[in-house]
Structures are given as C-alpha cells and as structure tokens.
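Based on these hints, arrange chain B on the given structure of chain A.
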Amino acid sequence: MLVEQVINGVVLGSMYALIAQGYTLVFGVLDKLNFAHGEIFMLGGFICLASIALGASLPISILVTAIVSGVLGLMVEFVGFRKFHSPDAHITAALSSFAIGLVIIDLSQKVWGAEPVALTLPGTLQTATISIAGLTVVVLRLTILVISLLLMLVLYVVVTKTTLGRRIRAVAESPTKAALFGINVTRVNQQVFFIASAMAGLAGLALAVRTGYASTDVGFTFGLKALAIMAIGGMGDLRGALIGGLLVGVLEALAFQWGLGQLADVFVWLFMIAILLVRPAGLFGTLVSKEIRA
Amino acid sequence: MIQDYVVFVGVNIVLAWSVYVVLLAGSLSFANGGFMAIGAYVSGVLTVKFGVPLVFATTIAGVVAGAIGVLVGFPALRTRGIYLMLVTVGIAVSVKAVIESIDYVGGIQGFGGMVGTTEWHVVALVVLVGCGLWFLSKSPLQRILDAVREDELVAASLGINPVYVKLVCFGAGAFLAAVAGGFYAHYLIHVTPDQFGIVLSVFIVLYAVLGGTNNMWGPPIGATIMTLIPEFVRSLESWRPTAFGIIILGLLLIRPDGLLAFRHVTTRAKGVLATSLSDGAKPD
Chain A
5 MLVEQVINGV
15 VLGSMYALIA
25 QGYTLVFGVL
35 DKLNFAHGEI
45 FMLGGFICLA
55 SIALGASLPI
65 SILVTAIVSG
75 VLGLMVEFVG
85 FRKFHSPDAH
95 ITAALSSFAI
105 GLVIIDLSQK
115 VWGAEPVALT
125 LPGTLQTATI
135 SIAGLTVVVL
145 RLTILVISLL
155 LMLVLYVVVT
165 KTTLGRRIRA
175 VAESPTKAAL
185 FGINVTRVNQ
195 QVFFIASAMA
205 GLAGLALAVR
215 TGYASTDVGF
225 TFGLKALAIM
235 AIGGMGDLRG
245 ALIGGLLVGV
255 LEALAFQWGL
265 GQLADVFVWL
275 FMIAILLVRP
285 AGLFGTLVSK
295 EIRA
Chain B
176 MIQDYVVFVG
186 VNIVLAWSVY
196 VVLLAGSLSF
206 ANGGFMAIGA
216 YVSGVLTVKF
226 GVPLVFATTI
236 AGVVAGAIGV
246 LVGFPALRTR
256 GIYLMLVTVG
266 IAVSVKAVIE
276 SIDYVGGIQG
286 FGGMVGTTEW
296 HVVALVVLVG
306 CGLWFLSKSP
316 LQRILDAVRE
326 DELVAASLGI
336 NPVYVKLVCF
346 GAGAFLAAVA
356 GGFYAHYLIH
366 VTPDQFGIVL
376 SVFIVLYAVL
386 GGTNNMWGPP
396 IGATIMTLIP
406 EFVRSLESWR
416 PTAFGIIILG
426 LLLIRPDGLL
436 AFRHVTTRAK
446 GVLATSLSDG
456 AKPD
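Top line first, the protein sequences correspond to chains A and B. The working numbering numbers the first residue of the first sequence as 5 and each following residue consecutively. The working numbering numbers the first residue of the second sequence as 176 and each following residue consecutively.
So that you can see chain A by itself, here it is in the shape it has in the complex:
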C-alpha cells in the first residue's frame, strides 16, 4: 500500500515537474514569471477533449494538444511579455500574464462550462492494471510517468546538446551579449515559450486522462503549486524542477496516506518557504550567476 502510494506520488510528481520545467525555462531566459502557464496547462486537457470529440485518435490528439498549447504560448509571449522587456518590468509582466490567465479561464468556462467535463478514452486504457512483483499499478499511470520522463530527457538533450539549446543558454546568461553574437533573441524567446507551453499542455492532458475529467480550476491549484516547486528546485534549473516535482509529489501522496489530505495544498508552500529560508535560491539555484542548468 505504501509503495503504491509512493508510485502514485512519483506519477503526480512527474506531472508537477513537467509544468515546473516550463516555468523554469521561461524564468531562466526572460527572468520573468509566467502566470499564464498554469492556464495553458489547464487548457491542455480541454484541447485533447475537443480533438477527441472531433473524431481524432489519441496519438493525433496528443500531437494536436502539444502544437495548440505551443501556439498559445507564442500568443502569451506576444501579448504579455514582448513589450515588457526591461529588467525591472517583472512585476508588470507577471501581472499581464495573470490577466491573460483570467481571460483564458473565463473563455474556457464559456465553452466548456464551470463544471469538470468527463474525458473517457476508448477501451480499458484508463482502468487496465498490471501486477509487478505483487504490486498492482494502473498501466496508464506508468505510461504517463514514462512519457513525462522521456519528455524531460528530450528537453535535457535539446538544452545541453543542440544549437537551439546553446542559443537558449546564451540568451539566459545575457540577452545583450547573445544578440551581439548574432542570436535572434526574440526568436529564442518564442522557441522557449513554445517548448514550455507544449510541455504544459501535455501535462494538462496527462492530468485530465489520469483523473478522467478536464477541469477549469486546475490552473490555480495544480499549476500554482508547480510555481512553488520551481522555487524549491531553484529557478532556471531543470534538474531542480524535476527533483522538486518528484519530491513534492511523493510527500503529498504520503500526506494523503497518513490522513493529512486537507493540508496537502498548503504543504507545498510551507515546504517552499522552509527551503528558501535555508537556501534563499532554492535547492540547486545560485544567486550569483543566472543561467539555465540542466
């Protein structure tokens, strides 16, 4: 039972980590908080829902979700961040992305209603279980875990090994110097927003599939927690977001196990405050240099 809870926690944590890595990428490059990120995560479930309702198969829907979320991310970058590029505009950028989030929530409630909408997959995809060494695990959860970890691995490779990743790291370190070396900073910002938002959309899809319904208020509950997780791991640190996500996911699952379920929502924040008191820049962050580390 305990081990199963821990596995559930790891699955939950991998979804947290997916969102947190998106936050941390945007923060690393732009030095700004993207409050609309949680709402794109929320929309992920609905985009998948809509595309399945239109008759697309699951793999196609997953692809559609990633692309549409990414495009929405480009929109957020254009409306909420393009104009606020000065270093001390981070309050304005946070508030404008928050306003975008409000609009997204309201519009999706117009389309799908304020109540959660059931998302059922064909066949036994959502209920099939598998027994490994005496433990019963829902196959879907394992799949989510594997796919999330794979996505993060891909992101790691992209950031550390490819030209795109080198550009991203250069802009994160200093946009001015990167521009002097001929890097199109706006283009890199767009690419980062696309990647981050596509990942958030997929995380939203995973949550919707796992719980069986898409809901318009997960952006403020689940999405906001990922923000705390990013701070726990250290901002701009992909590894920190992953470890922080898994840590919080497991601890939350254990909290439910021990009957402290109602405190689970606060727990992340208290944990974050405690971590920041000991390490003011998160587990892996440094206050001195600013870069994307993987």
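Please keep in mind that the hints were generated in silico from the structure rather than gathered at the bench. Treat each hint with caution, since some may be false.
As the list claims (entries may be wrong) - Reference excerpt, derived from the structure (chain A facing chain B, CB under 7 Å, subset only):
| hint | residue |
| --- | --- |
| 1 | 96 |
| 2 | 103 |
| 3 | 107 |
| 4 | 110 |
| 5 | 134 |
| 6 | 270 |
| 7 | 273 |
| 8 | 278 |
| 9 | 280 |
| 10 | 281 |
| 11 | 282 |
| 12 | 283 |
| 13 | 284 |
| 14 | 287 |
| 15 | 288 |
Unchecked claim - Computed, partial: chain A to chain B, Cβ under 7 Å:
| hint | residue |
| --- | --- |
| 16 | 87 |
| 17 | 95 |
| 18 | 100 |
| 19 | 102 |
| 20 | 106 |
| 21 | 235 |
| 22 | 276 |
| 23 | 277 |
| 24 | 279 |
By construction, the Cβ of each residue, glycine as well, lies at the ideal position given by its N, Cα and C atoms.
For chain B alone, coordinates are given in the frame of chain A:
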C-alpha cells in the same frame, strides 16, 4: 448603492496603499490578501464573540496582523526578488488554508454576524491613511525608504539598516491590509476564506501597479478605476471577467509604469540623458 461603491472603493484604496507601503522599501507583497483575511477574522471574532466596539476591534486586528507580518516577514525578507514574491504567495495561500481548518471561525462555511461599518468609517480611514502617507512623503523617512529601495548596499553604507526598514514597511502593510479587511468584513456581515484567496492578493497588487507606484496618488487611482470598471462593464454581464482581463492588459500595455507615474522619464528625456552620458563617457 452609492454606499456600496464608497465602501468598496475606500477599502480597495487602503489595500492598494498597503501594497504601496511595502513597495516603498522595494519589496513586493502578494501576502496582503492573507493579512486582510487575518484582519477580517480577528476583528470579527472580537466584535461578535466578545462584544468589542468596532473601531477598537479593527485596530487590535491590525496590530495582530502587523505583528504576524513582522514575525513571518523577518525570515521571508531574507529572500529577494521573485523568490520573495513567491514566499508572499505562500503566506497568502497558507493563511487561507489555516483559517479554513479552524472550526471556531466556521471553517470553509465562513464566519458571520459582523455589522456596523458605515461609509463614514471607510472615508475616515482613507483620509487618515492618506494624511499619514502624505506626511511620510514629506518626512526624512521617505528619503530613507528611497535609499533602501534604490540600492540597499548604499543605504547600508549610510548607516541605514535595510532589513529593519523593510520589516517595518512589511508590518505596516500588513497592519493597513488588516484594518481594511476588518471594516470590509463588518460591512459584508458574512465572510468566507474563499474570498481571500490568492486572486485577491494579485488584484490588490494590480490596483497599486496599474495606478503607478512611484507616488502615493497612483494606488488610490488604480484602486478606484479597477473597482468601478466592473460596474461599468456590468452591461456585458456574462463577459465580465474577459472584459476585465482585457482592460487590465490594455492598461498595462499602454502605461506599463502605471496611470499616474509622475516621475516618468519621457522618451525625449531618455534620449537627452543617453547623449549626455555617452558624451561624458568619451575618452579625452
């Protein structure tokens, strides 16, 4: 009806000022919605369960929230920038959750029975706080705050203790938010923890930022506009949040420094400044 407007606008003005006071020393607080909740609940318990007079109860609530603010602010202000923002978000979320779990004040159902706030209480509060801030802006203390906000290292080298200054501002912000929350609760009669969520905290910051935070008149203007706009877009009833969000975005895009930024450097002045700087930097 007009009484509603006066009370809500007044309460929001004081809330916007509570954020402004914290910003004076350079820190941004998303915790003021939480302190407002503390004010509402503490004053409510005092008046309903112990029969304390309203004004006295809100003052006590303010002092309690201020003390809590200083207590949590002391460790919180060790962090900076966006980390500090997130810590204050955490404080707001935690306060709400703690209130929800206390059965003595009704838990999720909320707490009721507070009466007594008239529009005059709120007007008096706004005038009082406004006068206080006006005297502050003319006093040497304002220059200390400016120094800490612009450069903590320089301030420290001039014998100012930045941590102490920031802490006082954080506590003062908590005090103001709690007093506003106290009067607000006694006007609404019944409050629930849900009303004091993180969205409220973000909105309070929005009031201040939209109005402009580099002088004391910006936040009240932002608060007034943001409180009254929803009433005007009421004709669009069902599209209200969307319209509201778009208006916020529009305001931020048109005036990123706030509607009333007196010390706003114009593009022309910036050009002159840049030329004179580059002239000065020329090697001779």
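- Okay, which hints does this one fail, numbers in order? 5, 8, 11, 12, 14, 15, 24
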